[in-house]
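Chemist: The chain contents come next:
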Amino acid sequence: MPTGFPLTSGLFTDTAWLNATGARRLGAFILIGGSNVDFIAIPATYKHLLVTWKARSNVVAVSDFLGMRINGDVSNHYLSQELSAAAAVVTSIEYLTTGGDVMGYVGKVAGASAASGNDYGCGWLFLPNYNDGTSFYPSWLGGASFASGTATGTIGVNLIQGQMYPAAIGAVTRLTFLPKNGTAFTGSSFTLYGLG
Amino acid sequence: MMAKRPALKDRPVVAEYDCSPDTPDAQRLTHRPMNDEEYDDLLARQKAHIDAVEAPQVHPLVAQIAAMSDEDKAALAAALTA
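Chains as they are written, first to last, in my numbering: chain P, 1 to 196; chain S, 1001 to 1082.
Hint data in this document are derived by calculation from the structure and do not stem from the laboratory.
Careful: at least some of the hints might be erroneous.
To be verified - Listed below are several chain S residues computed to face chain P (Cβ distance under 10 Å; list not exhaustive):
no., residue
1, 1010
2, 1012
3, 1019
4, 1022
5, 1032
6, 1038
7, 1041
8, 1045
9, 1052
10, 1054
Said to hold, decoys possible - Computed footprint of chain S on chain P, listed as stretches where at least three residues anywhere in the stretch have a Cβ under 8 Å from a Cβ of chain S:
no., segment
11, 40-48
12, 146-154
This one's a predicted model, so the numbers in the text were calculated from it and none came from an experiment.
All C-beta atoms in this analysis are idealised placements derived from N, C-alpha and C, irrespective of residue type, glycine included.
Only chain S is shown next, with the shape it has when bound in the complex (with noise of 0.2 Å):
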């Protein structure tokens, strides 16, 4: 279930910098909170990116020896113990 979303006032502020050639200079730049969707895209990504700190570091030695197919495996073995 969604979190409930915070109030305009107390989400992130987009600067949004209109290009159009009929809008007047003074009024190009403006500051603006999160619409609903930008917030919702902003919590998705701190979660994936905070379940990718917090995920089990693996070796990439371990990893790669993980993949090895059972032949190399043992070929490994053979090769360290010898």
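Next up, chain P with everything else stripped away, as it sits in the complex (with noise of 0.2 Å):
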């Protein structure tokens, strides 16, 4: 048994673990319409936040992305990096836009142009260490199952991974979700835990 491991003879001894404020769900919504989605005033007392959401955006085209922003910063402060794979094709693009784009990429949702008003991008997002006291840039590793239609190539899993730079922070104390490039979200949810 590794030196330190809470667990002996069956029974918890750390008291740190039996005093972990485990999962907590923070926040969840269902939005029928509306442009933004921001968790404000995010306690820093976590170890981990993880959000769950179901969107779909109201972009002409087939699909668009779920962005993100941290702490409210507009910047171009957000690098991301994105694997995708639908039918045989599997893509791999950064999103590096000069040094930086102006948020953060969580995963793909279906657009207002998807074959069906059924069709959604749905998958998690989760910031480990979001609180680490000292300044750090903040990143993230986001999965997302994404359907527009039923034909071959309408339907892909994306994986995104993320990070905040050169705007260090101490703590991240808000989430703002927004389409990438539509203007509004539609009859999506969010729901943000606080782990640890």
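Using the hints, build the complex out of the two chains.
Modeler: Following this line, the structure appears as structure tokens:
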């Protein structure tokens, strides 16, 4: 057994583990219509943040991206790398426009031109160690399942990594979600959890 | 010159969720109009999106050939006409 492992003879002996806050839902809602989704005043009392989402953009296109901003920063401070697969096509793209994009990307969503109004993107976003206490570049990992139809190539999977740079922060206290190219979400839902 | 912004009541809505432990549950979710910064950001993103959609589309093969060195272009031309 590794040194420091809190489980001894079947009993938890580490008080830090016993006192852990566990996972707690910080906020959840269904967005009937609206442009940005803003989680504000996120407490610094957890270890990690997890967001689950289901989203659809109003952009006149088959698909759009779910974008994210941290602490209200609207500058070119976000770097993202996408790996996606649809049918046999695997695509890898980095978003580094002029040193950084104006938002980070989380996953692909359906747009207004998708085959059905019931097509969405859904997925998760993980922000580990969002509160380091000292300045750092927050990074994230997002996974998404995307559908815009039933024909080949219209369903897919995304994995997106991102980092905020060069605007170092001490803690993530606000998360804003917005469609990359559209002006609003339709029938979308977002849930924020604090973990640990 | 920045176009005149619409009145607050005519702007897109932001769904804001206050996660603070001090906020009563019933008051956590509010819907407010975009502030000036958010509205200007939305307009800028829409302009960038429209510019990208309306930009002349260049076939990837044409772009690839245009990026070739003169030497490679000559070699390609020779290969095509051989």
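Chemist: Each hint needs a verdict: does it hold in this structure or not?
Modeler: Hints versus structure:
1. 1010: Violated - the Cβ of residue 1010 of chain S stays beyond 10 Å from chain P, reaching only about 13 Å at its closest.
2. 1012: holds, 4 Å
3. 1019: Cβ of residue 1019 of chain S sits 5 Å from chain P, so the hint holds.
4. 1022: The hint holds - residue 1022 of chain S has a Cβ within 10 Å of chain P, the shortest such distance being about 8 Å.
5. 1032: Holds, about 9 Å.
6. 1038: holds, 7 Å
7. 1041: holds, 5 Å
8. 1045: Holds, about 7 Å.
9. 1052: Hint on residue 1052 of chain S: holds, closest Cβ of chain P at ~8 Å, below 10 Å.
10. 1054: violated, 13 Å
11. 40-48: Check passed, 4 qualifying residues.
12. 146-154: violated (count 0)
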